[in-house]
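2 protein chains.
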Amino acid sequence: MTQARERETAQTQAQTPNVSPQRSRGGPSPQARVDAWLGAFESALRARDVEAAAGFFATDSYWRDLVSFTWNITTVEGREGVAGMLGNTLESTDPSGFATEEPPDEADGVLTAWLRFETGAGRGRGLLRLKEEDGEDRAWTLLTTLYELKGHEEPRWDRRPMGAEHGASKERQTWLERQQQEAESLGSTTQPYVLVVGGGQGGIALGARLRQLGVPSLVIDKHGRPGDQWRSRYKSLCLHDPVWYDHLPYLKFPDNWPVFSPKDKIGDWLESYTKVMEIPYWSSTTATSASYSTGSADSGRGEWTVEVERDGKPLTLRPKQLVLATGMSGKPNVPELPGMDVFRGDQHHSSAHPGPDAYVGKKCVVIGSNNSAFDICGALWEHGADVTMVQRSSTHIVKSASLMDIGLGDLYSERALAAGVTTEKADLIFASVPYRIMHTFQIPLYDQMRERDKDFYDRLEKAGFDHDWGEDGSGLFMKYLRRGSGYYIDVGSADLVADGEVKLAHGQVDHLTEHTVVLADGTELPADLVVYATGYGSMNGWAADLISQEVADNVGKVWGLGSETLKDPGPWEGEQRNMWKPTQQEALWFHGGNLHQSRHYSLYLALQLKARHEGIPTPVHGLQEVHHTA
Amino acid sequence: MTQARERETAQTQAQTPNVSPQRSRGGPSPQARVDAWLGAFESALRARDVEAAAGFFATDSYWRDLVSFTWNITTVEGREGVAGMLGNTLESTDPSGFATEEPPDEADGVLTAWLRFETGAGRGRGLLRLKEEDGEDRAWTLLTTLYELKGHEEPRWDRRPMGAEHGASKERQTWLERQQQEAESLGSTTQPYVLVVGGGQGGIALGARLRQLGVPSLVIDKHGRPGDQWRSRYKSLCLHDPVWYDHLPYLKFPDNWPVFSPKDKIGDWLESYTKVMEIPYWSSTTATSASYSTGSADSGRGEWTVEVERDGKPLTLRPKQLVLATGMSGKPNVPELPGMDVFRGDQHHSSAHPGPDAYVGKKCVVIGSNNSAFDICGALWEHGADVTMVQRSSTHIVKSASLMDIGLGDLYSERALAAGVTTEKADLIFASVPYRIMHTFQIPLYDQMRERDKDFYDRLEKAGFDHDWGEDGSGLFMKYLRRGSGYYIDVGSADLVADGEVKLAHGQVDHLTEHTVVLADGTELPADLVVYATGYGSMNGWAADLISQEVADNVGKVWGLGSETLKDPGPWEGEQRNMWKPTQQEALWFHGGNLHQSRHYSLYLALQLKARHEGIPTPVHGLQEVHHTA
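Chains as they are written, first to last, in the working numbering: chain A, 1 to 630; chain B, 1 to 630.
It is possible that part of the hints are untrue.
If several chains are the same, the list does not tell them apart, and a pair holds so long as it fits within one copy or across any two.
To be verified - Here are the simulated BS3-like pairs of lysine-lysine, each with C-alpha atoms no more than 27 Å apart in a straight line:
| hint | residue 1 | residue 2 |
| --- | --- | --- |
| 1 | 362 | 170 |
| 2 | 462 | 170 |
| 3 | 313 | 503 |
| 4 | 363 | 462 |
| 5 | 222 | 235 |
| 6 | 275 | 222 |
| 7 | 170 | 235 |
| 8 | 170 | 363 |
| 9 | 170 | 503 |
| 10 | 362 | 222 |
| 11 | 275 | 252 |
| 12 | 362 | 235 |
| 13 | 150 | 454 |
| 14 | 252 | 425 |
| 15 | 150 | 425 |
| 16 | 567 | 222 |
| 17 | 235 | 503 |
| 18 | 313 | 275 |
Read the hints as simulated data drawn from the structure, not as lab findings.
With these hints in hand, go ahead and build the complete structure from the sequences.
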């Protein structure tokens, strides 16, 4: 507990660099200072005085809003950004009731306060960081989030359903009968308001939220059972993120759940979760095409026509909203190489790799050096294959234990829980750090990891592995946010490369022959198997396939921040492109990411969909512009 | 929150009658007084001074131990009882480290303190109530419970398994492969240490605990799937206890779970739970016979031979421990009545009632007036049957909402949670009230219910219903503990009787004719259907069927306290007969009860089984005597 406290303090310090001298101890208390700021800020808001309100922000400041002011996921910067956002949203938002939820913390000149507030439409939570500027407390970062809509509170806790209908009634319908009737009518006599294509953790988490909110929905997935998205992958796969980071909404993993879930176990959990959360879910169902008709000028009357095949039988669905939750990785990038047609062995993309069983004693060449490549190389080696990894560009590797401890431990761990940082709080702390400056908090963490695992990195580089820490040294999480690739969380396979157990080759593939892979420098690698661990495209590729290339181009690239680092071209976007928020295509949404994002952002997406279902006005501030089509 | 606090205070007052004048405010703090008592008590224990230790108890006092001192579930009374118990157990228990877990409460002259302590074998929690006697703080009630065995702590929280095995290994076995291998070998090349017969909530909760503790176990059940125990019952059935009371170990229902689970929903939960908790569970399996061979004098070498049929195929299992979890209700009591052979309609015990669908417009006679009778009458009426209830003896009825609010609300409800009373705390508070005086806490609660629902009871009696409040006015929960019958938790059907929608007849059944039921007073009731809602026998009936009448008689009656009230003959037993503790038959155990009991007592039964599995000495203090064979 003491240790946890110490670490928490360290983390708080890491997150709040020393931006101003400590106030004298004789001044007003942190509570009084936060209350004063909130009172003045709210007065300006009440007076609709946008400039005054913006004046309470520091010169360098960030306001991140999740749906509560903007009906969008947006970060604005500086007083000008705040004024611009408020000018557009203040009247329709009608915010009030800002108050602290617990006593504020002060560390290194930064006051941190948990907030609650209301808007005309709903209730919100926030996290405020104040620092002193020109002798005044000014907002450095403000996170505002919507968590419920007034009049549409979720049926939880005090509001949970009775289950039994007490009293006697000749029209009684049992829970089972209602379930059966709903299942029979869905897609035939009744239409889902929301169709979620893809039923992995993203679709399931969103399906659970929409069920809770009473939005008629349907999740469809091509696999035979919920969870098969995980079960069908290579057999040694375990989650790379630890359990505390992976909870789904409403129902947490039990205390005995493994730190890193084996794939079949997480598959079973997702299947059970889908059942007990009563998510309308069609397995063995594929969407084959979709088109949108706008309807009248009155927005919200538009409708999708989605052709699906359920258990092989064609069916037309007519949802009002379409969510693509088919994987943030997008469609597999399968390279087109000369000689692929003459190669006599097996060849497939990593996403189609069946596992190592058939390759005992075989010569295997894995093209790529990120997560999938390492996992597949490791499993092949364990089964006695002769394995060569072809590294085409540099990769960032962190050891799982170091990432867990240094990268996530202060927010998602037993020690975080012991320090009062629940999953829900951790999610908001995480969300409160503006993307623009997030790398500055990440760099010191990765510096620590570099130090701690120095021997490992030395060995790896000695083995010829081309290793990087991200262009600015900000490591894995920023690579994930910027490009969703370029890294490996080491659970053991990196040592195989460092030790030469898995052989390493370098460069692009020039062509294949009947029995070899030939690299650009002429190196010839004998191969019975070639695995293309060559990554994935942008998620709007799914939209191109399902809807049209035109819609995919209109929507543009999905994922990434515009950081002007490799594979994340600028301009700066402020938020992840197209994720969980309105796109340039009306009624088309993208949802996904890891379990953490599926849990956290499904709430904001679900609230946006619920509001539209209920006809609550949702004026979108700052609809993103499109700078890249893929 | 304020309201919750007020109610909590009210409850504390209800639970701690005014036994001594309030101390002056200037005296030592509650913490100091509890610390002083604990220090002195522990010194006496350390000195093995049994008489001195007993002297710290009040004249009227109760020490309830769940497995920590006695390897039994036992309550001793007064100084003599305490001295007797300590004389027998103190040396082998070697207790130490008594300390408060949070600041003690004081109300109405009673100090209440949450404790932790250790024994040689394990770690415990307790709840102590002190009152002043002869100017000294003396123990009025003490609860001691074991929660873990040293060196055998459960793999939870910080101890949870890693899941992934980091590093590369050519002998890697995946989680799925281990699961499959275990399933294949269980019952053929490996034997369960514990066989649990019966896989309803009781068997499932125990199976989960044993899995966590690493005790090789197997749960078998005759139904096709876990949860079918509920699914197969009449279709309008919902749990009669509210959700907060019904959690299983390790994995709580989500916040959106209905207050009263519909039967199919709880069935689905049990099935999912069995899967995600990895409980070794064979469905479609019946135990046909069992016998025990003692083996050598060295206890623990005995072994059961249990013949089972799995999917119709015979198989012999050889567990060391046998747990009957086939339902606390025991075997159905089917009356033998003249004319049952000539009756032309349908007739069956309530446990075999298929539901109302086939009886639309039919004349239905339900013999009995307890829970099942009311539920079945209500469902038949809802389906347009002509229903008559035959009341043979008086019944106690409480309205579900009143029971939930007044009877359970301070321990198991949203308001209890808001007041910091978690399920785990509530279970221990509940367990800390000695059975000997529990009725004195219950009577005032039922007096409140009588007052609140006066109109209802007036109407019911006016309709001729023979209503009681238990022999001593202590109501439903005492009836449940004493005899497991004689009551109905009204969810609506009682109004049908009060309103005459369900007709009421009185007396014993004399005989049946081809088309009627004839009562002792000559009343003739036309019948197309007769349902015998005539209750259940003692659980040792299961032992008679499975093992032998001799073993059943040796073990004696299961359930009940010896309260000398109807169907619970004396002498006073102090605890529920034969439940969750050693019986007169070595290696035979009974487990069951409602969801609350299945959750709470499964821990103590599992720890007893774990200790035996590990060869930890388990000297049983106060093995119960047998006073009744059924």
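Now the hints, each set against the structure:
With identical chains, the CA atoms of residue 362 and residue 170 are at most 27 Å apart between copies only, with a shortest distance of 15 Å across copies and 69 Å within one. Taking identical chains as interchangeable, the C-alpha atoms of residue 462 and residue 170 lie at most 27 Å apart only when they sit on different chains, with a minimum of 25 Å there against 79 Å within one chain. Proximity of residue 313 and residue 503 under a CA criterion of 27 Å is satisfied in neither setting, with 48 Å inside one chain copy and 52 Å between copies. In this assembly of identical chains, residue 363 and residue 462 lie within 27 Å of each other by CA distance solely inside one copy; the values are 24 Å within and 89 Å between copies.
In this assembly of identical chains, the alpha carbons of residue 222 and residue 235 lie at most 27 Å apart only when taken from the same copy (20 Å versus 34 Å across copies). With identical chains, the CA atoms of residue 275 and residue 222 are at most 27 Å apart both within one copy (17 Å) and between copies (23 Å). For the homomeric pair residue 170 and residue 235, the shortest alpha-carbon distance between copies (14 Å) is at most 27 Å, but the shortest distance inside one copy (53 Å) is not. Taking identical chains as interchangeable, the C-alpha atoms of residue 170 and residue 363 lie at most 27 Å apart only when they sit on different chains, with a minimum of 17 Å there against 71 Å within one chain.
In the homo-oligomer, the alpha carbons of residue 170 and residue 503 lie at most 27 Å apart only across protomers (17 Å), although the nearest pairing inside one protomer, at 74 Å, exceeds that limit. In the homo-oligomer, the alpha carbons of residue 362 and residue 222 never lie at most 27 Å apart, since the shortest distance is 32 Å inside one protomer and 48 Å across protomers. Proximity of residue 275 to residue 252 under the C-alpha cut-off of 27 Å is found in both arrangements, the shortest distances being 15 Å within a copy and 16 Å between copies. Proximity of residue 362 to residue 235 under the C-alpha cut-off of 27 Å is restricted to the intra-copy arrangement: shortest distance 18 Å within a copy versus 58 Å between copies.
For the identical chains of this complex, residue 150 and residue 454 are neighbours neither inside a copy (53 Å) nor across copies (38 Å), given an alpha-carbon limit of 27 Å. In this homomeric assembly, residue 252 and residue 425 come within 27 Å of each other (Cα to Cα) both inside a single copy, at 14 Å, and across copies, at 20 Å. Only within a single protomer do residue 150 and residue 425 lie at most 27 Å apart by alpha-carbon distance; the minimum there is 22 Å, versus 34 Å between protomers. Taking the shortest Cα distances, residue 567 and residue 222 never come within 27 Å of each other, neither inside one copy (30 Å) nor across copies (59 Å).
Proximity of residue 235 and residue 503 under a CA criterion of 27 Å is satisfied intra-copy only: 22 Å inside one chain copy versus 63 Å between copies. Taking identical chains as interchangeable, the C-alpha atoms of residue 313 and residue 275 lie at most 27 Å apart only when both belong to the same chain, with a minimum of 23 Å there against 31 Å between chains.
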